[in-house]
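K.L.:
Each chain, letter by letter, is given below.
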Amino acid sequence: MALTIKFLTSIRGFLKTRNGDGLRDWLMVEPPLPQEYLNLATELKDGYRNTNAIEKLVESCLPEEDNVAEDQGTAWPGFVSFMKDYFEYWRDVDFDDLLGAHQLLMALTNSCTTALNNPTYGTIMLKTSISLCASLSKLSMTLNKRPDLTKRLSTVDTGEEDQGSIVGTTAEVIQKIFTTCLTDRSSQRFAKPEGKKVGVYIFANVTLKLLFACRKTHLAKQLFTNITAKSPPLSFYPAAQRVTYLYYLGRFHFINNHFSRAAQCLQEAYYQTPPSFQKHRRLILTYLIPSNMLVGRLPSKTLLQRPEAQHMAPIFDQFAQAIRTGNYLVYQHALEVHEEWLFNKGLLLTLTYRLRPLLWRSLSRRTFLLTYVAPTEADSRKAATLELSSLLTTCKYVQKRLEGYLPAPPKGKQSHMNNSMLFRAVSNSASSSSGTGESTLVPPPGGPKLLRPNEGLICGNMPVTAEHVESMVASLCAQGLLHGFLAHSQGRFAIMGAKQKGSAVAAGWPNVAEVLAQEEENVPGWVKDP
Amino acid sequence: MAAPTNEDKSKNTSEAKPEQQAQQQQKSTSALEEDDEFEDFPVEDWPAEETEAASATAASGNGTTQHLWEVSWDDNDNDSENGKDKDKTGEKNRTFSEALAREHELLSRR
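So the protein sequences, as listed, match chains A and B. Here the first sequence is numbered in this note's numbering, starting from -5 and rising by one per residue. Here the second sequence is numbered in this note's numbering, starting from 314 and rising by one per residue.
The hints are simulated quantities; they were obtained by calculation from the structure and are not laboratory data. Bear in mind that the values here come from a model prediction, so they are computed numbers and not experimental data. One or more hints might be untrue.
[Claimed, not checked] Pair ranges (Cβ atoms, derived):
| hint | chain 1 | residue 1 | chain 2 | residue 2 | range |
| --- | --- | --- | --- | --- | --- |
| 1 | B | Leu419 | A | Glu514 | 32 to 40 angstroms |
| 2 | A | Ser497 | B | Asp358 | 26 to 34 angstroms |
| 3 | A | Lys495 | B | Ala361 | 33 to 41 angstroms |
| 4 | B | Glu357 | A | Lys224 | 22 to 30 angstroms |
| 5 | A | Lys39 | B | Glu357 | 32 to 40 angstroms |
| 6 | B | Leu419 | A | Gln484 | 21 to 29 angstroms |
| 7 | B | Ser421 | A | Glu514 | 26 to 34 angstroms |
Idealized CB from N, CA, C, for every residue including glycine.
With the sequences and hints as input, model every part of the structure.
P.N.:
This is the structure:
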C-alpha cells in the first residue's frame, strides 16, 4: 500500500507542474523495469484484488483541485480512470502471456485516449500516449509473427463479424489517438503545430506501420483523407517523421496504381534520408525505382551502383533494358527468375502488367526503325507510317521465342549444330500447325512451351492476330505513348508532326517521361506549405 | 487478355508448378531475404545538409541527384546496341534487334 500511495503522490506532482516527460517516464508498461514496478505489482496483487478499492485509492490520492494556477495542472476524471486501469494493468499483467498482456495494454491505451481528449489538461498525456502506443505497436508486431498464439484468439472471439487481426484492432485503437491529435485546436492549421497537433504524424506513422503489416492498406485511405483535410504542413515535423510518412504514402499510391504520385513521395523520402541509413534507403528504393520506371524514368548506372541498390540492381537493370529495347524475352525472363522476390515485395503483379505498355511502345518503335523507308523527294509530303503487318511480324516472332522457338542457325553454319537436335527441330516445324510460313525460327525440341496467361505476348499461347496489334496501337495512341492515328483501311499507323519534331520517330514515339510523369501540385495525403 | 492499358485488372499469375517453385527458390539468393519492416529511425531529426534533398530541390537539380534517373533512354542503335541487349537465350552475339531485323528481311524477300 505504501508504494502505491507514494507512486500516486509523485504522479500528482507531475500533474501539478504539467510535466509530461516525468509522467511518461513513470508510467512504464514493459520490461526492462526497475525493481519498484515489480514490487508495485506484488503490492497490488496482495492488497487490491477489488477494483473498487483501487478506484477509491486513486480518487483519494488524485483529487480534482479547484483554483489551479494558470501554469499548473490537476487530475481530471479521465485521468483518474486511466490511473485505475494502470494499476489494474500492473496487478494482472503476465509477460509470459503475450496475448493477455496485449489485451490489457489495449484497454489501457483506450483509457489513455479518453484522458488525452480532455481539452484543458489532456496535452499532459501526449508523451505518455506516444510511449504507450510504441509499446502496444511493438507487442502487436511481435504477435503478428506468432500465429501459434493468435490462433487461440479466433476461438475466443467467435461470432464477431470480420474479427480483425491483432494488428488490425491495434491500428484502430491508435488511429483514435491520431484523430484526437489531428482535431486539436491549440494552433492554426498552417502554423507551427502546438499541443496535441505535435503528435499527428507520430500516430499516423504507427497506424500506417500496423496497417501495412496486416495488409489492410485500404484502411489507410481514411487516414490520408483526414490528413489532407486537416493536418498542418508535413515540413513542420522532424525529418524521421517526414521520411517515414512519405514512405508509407508513396507505397499507398503505388498500390493504388498512382505511380507518378508514388514516385514524388518516395523520391522526396529518399532524398531526405541521409546515406548512413542504408536499410531505410534500400526499402525506399525498392518502391521508388519501379514507380519511376512505370512513368518512364529509368534508374541510371550511378544509382544502381549505390550500396543500398546493390541487391536490387541486377533485377531492375534487366527491366530497364527490356523497356529500352522492347525486348519481351528479357522482360519475361526477369519476371520468371525474380518472381519470388517481386512477390514478397508486392511488386510482381504491378510489374507483370503495368510495364507492358512501355514494352509495346519500344517494340513498335524498334519495328518502325527496322522497316521504315524514308520517302523520296517526290512524295515527301506523305505522312510517315508504320505498317501494322510489320508489327504483327515482330509480335509473332516474339511470341514464338517466348514459346521456346529457337533461331535457326545461319546458312553455311549448320554443320556446327547438333544434328539430332536440328533434325527434331525441323521435323517439329514440318508438323506444326501454326502455318505462319517462313521464319528464321525453328520449334524447340519437344514442342512449344506451354505458357501461363501472363507469360505470353497477349495471353499465354494465344496466337497474335492483326486485330490484337491494331488494338494495341490504338491503346498506345490513346495513352499518348504513340503520337499519330490509325489508318484502319490502310492497315497503318500514321505519325503526326514529323516535320516539327525533325524526325518521324521522335514525333511518333514521344519521350515517355514527358507523357507520363506529370508532376502533380497536390499529391493527396501530402500537405505542403501554403 | 494483356492489353497495354492502365485498366488491365487481370491477375493471372497462377500458381507455379512445384518444380518451378523449387527452381525459383534456388535462384533467389539469400542476400535478397531482408526484413521488410520500415524501422523507427534511431534519431528524431537531422539537418537537410546531411541529405541530398537540398541539391534535389535546387533549380534543375544541379546536385548529386541529377544523374540518378534517365529520361531519354530510347535505343536508336539498330545494329549493335553496344552489346547491352545480347539475346542470351538464342544465338550467341546476336542482339534482339538484329534477330528481329533478320526476321523482317526474310519475310520481305518472300
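K.L.:
With 26 to 34 angstroms as the target window, see if serine 421 of chain B and glutamate 514 of chain A comply at their CB atoms.
P.N.:
46 angstroms, violated
K.L.:
Taking 33 to 41 angstroms as the stated bounds, is the beta-carbon spacing between lysine 495 of chain A and alanine 361 of chain B within them?
P.N.:
Because 40 angstroms falls inside the window, the suggested range holds.
K.L.:
Taking the beta carbons of leucine 419 of chain B and glutamine 484 of chain A, is their distance inside 21 to 29 angstroms?
P.N.:
This hint holds: roughly 24 angstroms between Cβ atoms.
K.L.:
Using the C-beta atoms of lysine 39 of chain A and glutamate 357 of chain B, is the stated range 32 to 40 angstroms upheld?
P.N.:
About 37 angstroms separates the Cβ atoms of lysine 39 of chain A and glutamate 357 of chain B, which means 32 to 40 angstroms holds.
K.L.:
Serine 497 of chain A and aspartate 358 of chain B, beta-carbon distance inside 26 to 34 angstroms?
P.N.:
51 angstroms, violated
K.L.:
Confirm or reject the claim that leucine 419 of chain B and glutamate 514 of chain A have a C-beta distance inside 32 to 40 angstroms.
P.N.:
48 angstroms, violated
K.L.:
Given the hint of 22 to 30 angstroms, is the C-beta distance from glutamate 357 of chain B to lysine 224 of chain A inside that range or not?
P.N.:
For glutamate 357 of chain B and lysine 224 of chain A the Cβ distance comes to about 23 angstroms; the hint holds.
Comparing the model with each numbered hint stated earlier shows that hints 1, 2, 7 do not hold.
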